[in-house]
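Student: Quick note, the sequences are listed as chains D and A, same order.
Here the first sequence stands for residues 1 to 626, numbered as in our numbering.
Here the second sequence stands for residues 1 to 176, numbered as in our numbering.
Derived by calculation from the structure, the hints in this document are not laboratory data.
Each hint should be verified, as a subset may be incorrect.
[As the list claims (entries may be wrong)] Capping the alpha-carbon separation at 25 Å, the derived lysine-lysine pairs in DSS-like fashion look like this:
(1) K147(A) <-> K315(D)
(2) K170(A) <-> K232(D)
(3) K315(D) <-> K170(A)
(4) K19(D) <-> K120(D)
(5) K154(D) <-> K172(A)
(6) K111(A) <-> K94(A)
(7) K161(D) <-> K94(A)
(8) K382(D) <-> K430(D)
(9) K400(D) <-> K315(D)
(10) K626(D) <-> K580(D)
(11) K147(D) <-> K409(D)
(12) K133(A) <-> K292(D)
(13) K170(A) <-> K292(D)
(14) K33(A) <-> K9(D)
(15) K19(D) <-> K9(D)
(16) K111(A) <-> K161(D)
(17) K94(A) <-> K147(A)
(18) K396(D) <-> K172(A)
[Unchecked claim] Pairwise CB distance ranges, derived in the manner of DEER restraints:
(19) E133(D) <-> A78(A): 55 to 61 Å
(20) L151(A) <-> R17(D): 51 to 57 Å
(21) R17(D) <-> H60(A): 55 to 61 Å
(22) D552(D) <-> N166(A): 52 to 58 Å
(23) E162(A) <-> D505(D): 39 to 45 Å
(24) D552(D) <-> E31(A): 51 to 57 Å
(25) G484(D) <-> K111(A): 45 to 51 Å
(26) L151(A) <-> E28(D): 53 to 59 Å
(27) R247(D) <-> K147(A): 46 to 52 Å
(28) A50(D) <-> I90(A): 23 to 29 Å
(29) G110(A) <-> L23(D): 24 to 30 Å
Predicted model, so just to flag it, every value in this text is computed and none were measured.
Glycine included, C-beta positions come from ideal geometry on N, C-alpha and C.
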Amino acid sequence: MKSRGYNGKFLEVDLSREKIKVLDLEEELLEHYVGGRGVAVKFLWDRLGAEWEKVDPLGPENLLVIAAGPLTGYYPGGRICISGKSPQSNGIIGSTVGGEFGVDLRCAGYDGIIISGASKDPVYLFIKDEDVEIRDASHLWGLDGKKTLVRLTKECRDELKRRYPRFGEWKDPSILYIGPAGENLTRVAVVMEKWTHAAGYGGYGAVMGSKMLKAIVAKGSGPLPDVYDPVKTVSLINRVYDLCIARDGMRRWGTGSAGYSVGYSLSSEPIRNWQEEWHDEKSFGVDRFERKVWVKRYWGDYGCPTTCLKIAVVKTGPYAGAITDNPDYELQAYLGTNLGIFTPEGNVYVSSVIDDLGICGINGGNVLGFAGELYQRGILTKDDLDGLELKWGDPKAFAKLAEMIAYRKGIGDILAEGTFRAALKLGEMKGRDLMPYVVQVKGTGVGAHGIRSKMDYPTPIAYACSVQGGDHTSVARLPIHSSGSELIRIMCDSAVVCIFNFYPDPSLIWKFYEAVTGYHQTAEKWANGDGLRILQIQRAVLLLGGPDFTWDPRIHDDNPLRFYEPLPSGPYKGQAADRKEVEDLKRQYYEAVGWDENGIPKSEVLRKLGLESVDKALEKVRERYK
Amino acid sequence: MSKKSAIWIMRDLQRCSGCRLCEIACSLYHEGKIWPEASRIRVFKLVPGLEFPHFCTQCHDYPCVNACPVNALSVNEATGAVIVDKEKCIACGKCIDACPGRIPHLHPNGKYILICDLCDGDPQCVKICQRAKYNVLWIVPRSGVEKQCRLYARTPEEITEELAENIYGKFKEVYK
Numbered sequence: 001m002k003s004r005g006y007n008g009k010f011l012e013v014d015l016s017r018e019k020i021k022v023l024d025l026e027e028e029l030l031e032h033y034v035g036g037r038g039v040a041v042k043f044l045w046d047r048l049g050a051e052w053e054k055v056d057p058l059g060p061e062n063l064l065v066i067a068a069g070p071l072t073g074y075y076p077g078g079r080i081c082i083s084g085k086s087p088q089s090n091g092i093i094g095s096t097v098g099g100e101f102g103v104d105l106r107c108a109g110y111d112g113i114i115i116s117g118a119s120k121d122p123v124y125l126f127i128k129d130e131d132v133e134i135r136d137a138s139h140l141w142g143l144d145g146k147k148t149l150v151r152l153t154k155e156c157r158d159e160l161k162r163r164y165p166r167f168g169e170w171k172d173p174s175i176l177y178i179g180p181a182g183e184n185l186t187r188v189a190v191v192m193e194k195w196t197h198a199a200g201y202g203g204y205g206a207v208m209g210s211k212m213l214k215a216i217v218a219k220g221s222g223p224l225p226d227v228y229d230p231v232k233t234v235s236l237i238n239r240v241y242d243l244c245i246a247r248d249g250m251r252r253w254g255t256g257s258a259g260y261s262v263g264y265s266l267s268s269e270p271i272r273n274w275q276e277e278w279h280d281e282k283s284f285g286v287d288r289f290e291r292k293v294w295v296k297r298y299w300g301d302y303g304c305p306t307t308c309l310k311i312a313v314v315k316t317g318p319y320a321g322a323i324t325d326n327p328d329y330e331l332q333a334y335l336g337t338n339l340g341i342f343t344p345e346g347n348v349y350v351s352s353v354i355d356d357l358g359i360c361g362i363n364g365g366n367v368l369g370f371a372g373e374l375y376q377r378g379i380l381t382k383d384d385l386d387g388l389e390l391k392w393g394d395p396k397a398f399a400k401l402a403e404m405i406a407y408r409k410g411i412g413d414i415l416a417e418g419t420f421r422a423a424l425k426l427g428e429m430k431g432r433d434l435m436p437y438v439v440q441v442k443g444t445g446v447g448a449h450g451i452r453s454k455m456d457y458p459t460p461i462a463y464a465c466s467v468q469g470g471d472h473t474s475v476a477r478l479p480i481h482s483s484g485s486e487l488i489r490i491m492c493d494s495a496v497v498c499i500f501n502f503y504p505d506p507s508l509i510w511k512f513y514e515a516v517t518g519y520h521q522t523a524e525k526w527a528n529g530d531g532l533r534i535l536q537i538q539r540a541v542l543l544l545g546g547p548d549f550t551w552d553p554r555i556h557d558d559n560p561l562r563f564y565e566p567l568p569s570g571p572y573k574g575q576a577a578d579r580k581e582v583e584d585l586k587r588q589y590y591e592a593v594g595w596d597e598n599g600i601p602k603s604e605v606l607r608k609l610g611l612e613s614v615d616k617a618l619e620k621v622r623e624r625y626k
Numbered sequence: 001m002s003k004k005s006a007i008w009i010m011r012d013l014q015r016c017s018g019c020r021l022c023e024i025a026c027s028l029y030h031e032g033k034i035w036p037e038a039s040r041i042r043v044f045k046l047v048p049g050l051e052f053p054h055f056c057t058q059c060h061d062y063p064c065v066n067a068c069p070v071n072a073l074s075v076n077e078a079t080g081a082v083i084v085d086k087e088k089c090i091a092c093g094k095c096i097d098a099c100p101g102r103i104p105h106l107h108p109n110g111k112y113i114l115i116c117d118l119c120d121g122d123p124q125c126v127k128i129c130q131r132a133k134y135n136v137l138w139i140v141p142r143s144g145v146e147k148q149c150r151l152y153a154r155t156p157e158e159i160t161e162e163l164a165e166n167i168y169g170k171f172k173e174v175y176k
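Kindly produce the complete structure, drawing on both the sequences and the hints.
Tutor: Put into structure tokens, the structure is as follows:
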């Protein structure tokens, strides 16, 4: 194809047969599905759609799709999208992670990788331009995140030096990897890059683990693919630089300023498994993190002028030696306040443990909080927890439970299934309904932004109607072409752009996209055309579900029960989600995206989008709810 | 440009955010493309959190220039930069071995060596680092620092080790 923003190639790796080939992409696919989440959704539908319900997300039949987008490397701030049939939702989640991997992969000549089958023994994939190899990883299997990364960096740099001795010093290749939680197929396992960024939502660390794939290493020596309009592209890069550099608060504190402020000022932060959403714990202020634990004040991914991340080290006390990127808001909330932890040291420690294990900070924190509440209520006892006293605010206790989850020890084996599935199983064991304590939507823990105070951005249907369930970066919102809507987030995840560099001027993504690819899009056109097509496929597979669980939109297009309980404290005390309002908004949203009264995409809408096969597959779902 | 305007890029590596804006600016200027491996300044990340830019320090005795068997390297008297004659360079790598920091590297096309040329006195990496307020790189007159320059020519491993000492302190060995 014509070179404009794409390599036009994916690597295709069959781990069962140990076969590697290069897949040429058709221009039509790129024009309509863009890249990242969009292209992943299209591949997954084409290859697995016919028997979607039977595909075990943790079986060799699942595909792991790793997809950059045309803006990867161009739009400031490097990210890549990871996808497949999700072991959390049984649908498709586009899960992005920051770093340099996408740029290295694109410079190696590929826009993405499709991994099928499963290896018998632990392996990693090594990519250096056209040299691609499946290599033994038995010496890495079982290692924690940081050890995996450091050893693999050294091993692969040595390998590059051995193969290309004249080059000089090789930079580190980019590495996507999993920890023990992924190896042990926990549904809360992440795919990581650096230490520690994670593609969290979706549970794709377990998909990598099921394929015995410990890591993917990439070093590309070429340039990024040529663009349609180089002059305009550079001028847009500079525009984004200026906008981001001007955002001093975001640069200085990152989202980590919210660990205090979202609780205090917005009353929408999860506290002790969402029993409360308001706090005034100044001990958890960003200034405390800064003075106590930051050792790097600005830390960023490829080409990022914001660098909202920081590196934290606990230097003294019982958690000394904990190293991680300073918890961002989500991890401050889920591994801090949600566990009753209100100190930077405790929060950094739990985050560091979670990172080493390869557990998702959000979904891991969600299930830890769930267990914490069951312990508080006496539903889970010390005996159930192998002697662990799971008291709110005890970092060591929650870290220990995280370890039990990652290694599936004791009750960890059940909790490793994620909050929803664990609640079903524990509910059965305990003979009671545990759903009131489950804060998730369609298998995915809800992001750390509540809806009860109505002060934060998620609307009452934000999670209930999202095709990515609890994912706070992909929420349902009206109008569907607004910059915070799921349709537009599909563009961010498909072009693969960091939403924090997208916010300052959401109109730039379309200009950028056109300068790089030559394709014209607008928010309205996208939300009613190509973007909507991707949304419909995601909705369809979410409804098809299986094999262990199938969502009923009449029941599961809803908020967690907890959100209907009144807030017990703070300035918005007494407020709760309102059932009638949720129902009204749901109807409006269904109408706007072309779903029928049961939330199933309408036949005529699908056909207009050219999705006949999706329409046909949904016939049985329509029949189910007649 | 007169000799007294010769410059040096002062560097404070501990502040590096690993953002790679310098690499992007460098490769856009020299190659007209975003091309990480063809950038004359390269950000290494052997351990996360210990990122740093690795680029020519213009040693006062220019060991690379002296080691070149085909006279492909010369010093720009005005700026102090090492200039590579792409036509003469045989990509033998002798300058890499001569450099105390193993800083030069081959262009990915394999044909010639890449060494920072100070953008003829107006380094693009410095401009973007300053514009983004990271202040890892800034320009000083070469006259006051000439004898110190060579100290900064360290290998990626050496620099990583030293940064680890400073940033991770007593925990620097934990993840080895």
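Student: Run every hint past the structure and note whether it holds.
Tutor: Hints and how they fare:
Annotation: proposed proximity of K147(A) to K315(D) is violated, straight-line Cα distance about 37 Å (limit 25 Å). The hinted pair formed by K170(A) and K232(D) fails the criterion: a straight-line CA distance of about 48 Å is larger than 25 Å. Taking the CA atoms of K315(D) and K170(A), the gap is near 9 Å; set against the 25 Å cutoff, the hint holds. Restraint check for K19(D) and K120(D): the C-alpha separation of about 14 Å stays at or below 25 Å, so the hint holds.
Simply put, K154(D) and K172(A) have alpha-carbon atoms about 16 Å apart, close enough for the 25 Å limit, and the pair holds. A hinted pair counts as satisfied when its Cα atoms are at most 25 Å apart, and K111(A) with K94(A) qualifies at roughly 14 Å. In summary, the hint linking K161(D) to K94(A) is supported, as the alpha carbons are separated by about 16 Å, within the 25 Å threshold. A C-alpha spacing of about 14 Å is found between K382(D) and K430(D), which places the hinted pair at or below 25 Å, so the restraint holds.
For the suggested pair K400(D) and K315(D), the alpha carbons sit about 21 Å apart, so the restraint of at most 25 Å is met. Under the criterion of a C-alpha separation no larger than 25 Å, the hint pairing K626(D) with K580(D) is consistent with the structure, at around 23 Å. Between the alpha carbons of K147(D) and K409(D) the distance comes to roughly 22 Å, so the proposed pair stays at or under 25 Å and holds. Of the pairs offered as hints, the one joining K133(A) and K292(D) holds, with about 23 Å between alpha carbons and a cut-off of 25 Å not exceeded.
For a cut-off of 25 Å, the pair hint linking K170(A) to K292(D) stands: about 16 Å separates their Cα positions. A C-alpha spacing of about 20 Å is found between K33(A) and K9(D), which places the hinted pair at or below 25 Å, so the restraint holds. Between the alpha carbons of K19(D) and K9(D) the distance comes to roughly 16 Å, so the proposed pair stays at or under 25 Å and holds. Of the pairs offered as hints, the one joining K111(A) and K161(D) holds, with about 18 Å between alpha carbons and a cut-off of 25 Å not exceeded.
Only pairs whose Cα atoms come within 25 Å are accepted, and K94(A) paired with K147(A) is accepted, the gap being roughly 23 Å. Between K396(D) and K172(A) the alpha-carbon distance is near 23 Å, which keeps this suggested pair within the 25 Å criterion. The hint said 55 to 61 Å for the Cβ distance between E133(D) and A78(A), and at roughly 47 Å that hint is violated. In this structure the hint that L151(A) and R17(D) lie 51 to 57 Å apart at CB holds, the actual value being about 54 Å.
At roughly 58 Å, the beta-carbon separation of R17(D) and H60(A) lies within the given 55 to 61 Å, and the hint holds. About 57 Å separates the C-beta atoms of D552(D) and N166(A), a value consistent with the hinted range of 52 to 58 Å. Range check, E162(A) to D505(D): about 40 Å between beta-carbon atoms, so the 39 to 45 Å window is met. At roughly 56 Å, the beta-carbon separation of D552(D) and E31(A) lies within the given 51 to 57 Å, and the hint holds.
The hint said 45 to 51 Å for the Cβ distance between G484(D) and K111(A), and at roughly 49 Å that hint holds. Hint check: L151(A) to E28(D), Cβ distance near 57 Å, so the stated range 53 to 59 Å holds. At about 41 Å, the beta-carbon gap between R247(D) and K147(A) misses the expected band of 46 to 52 Å. Under the hint 23 to 29 Å, the C-beta atoms of A50(D) and I90(A), about 58 Å apart, miss the expected range.
The supplied range of 24 to 30 Å is met by G110(A) and L23(D), whose beta-carbon atoms lie about 27 Å from each other.
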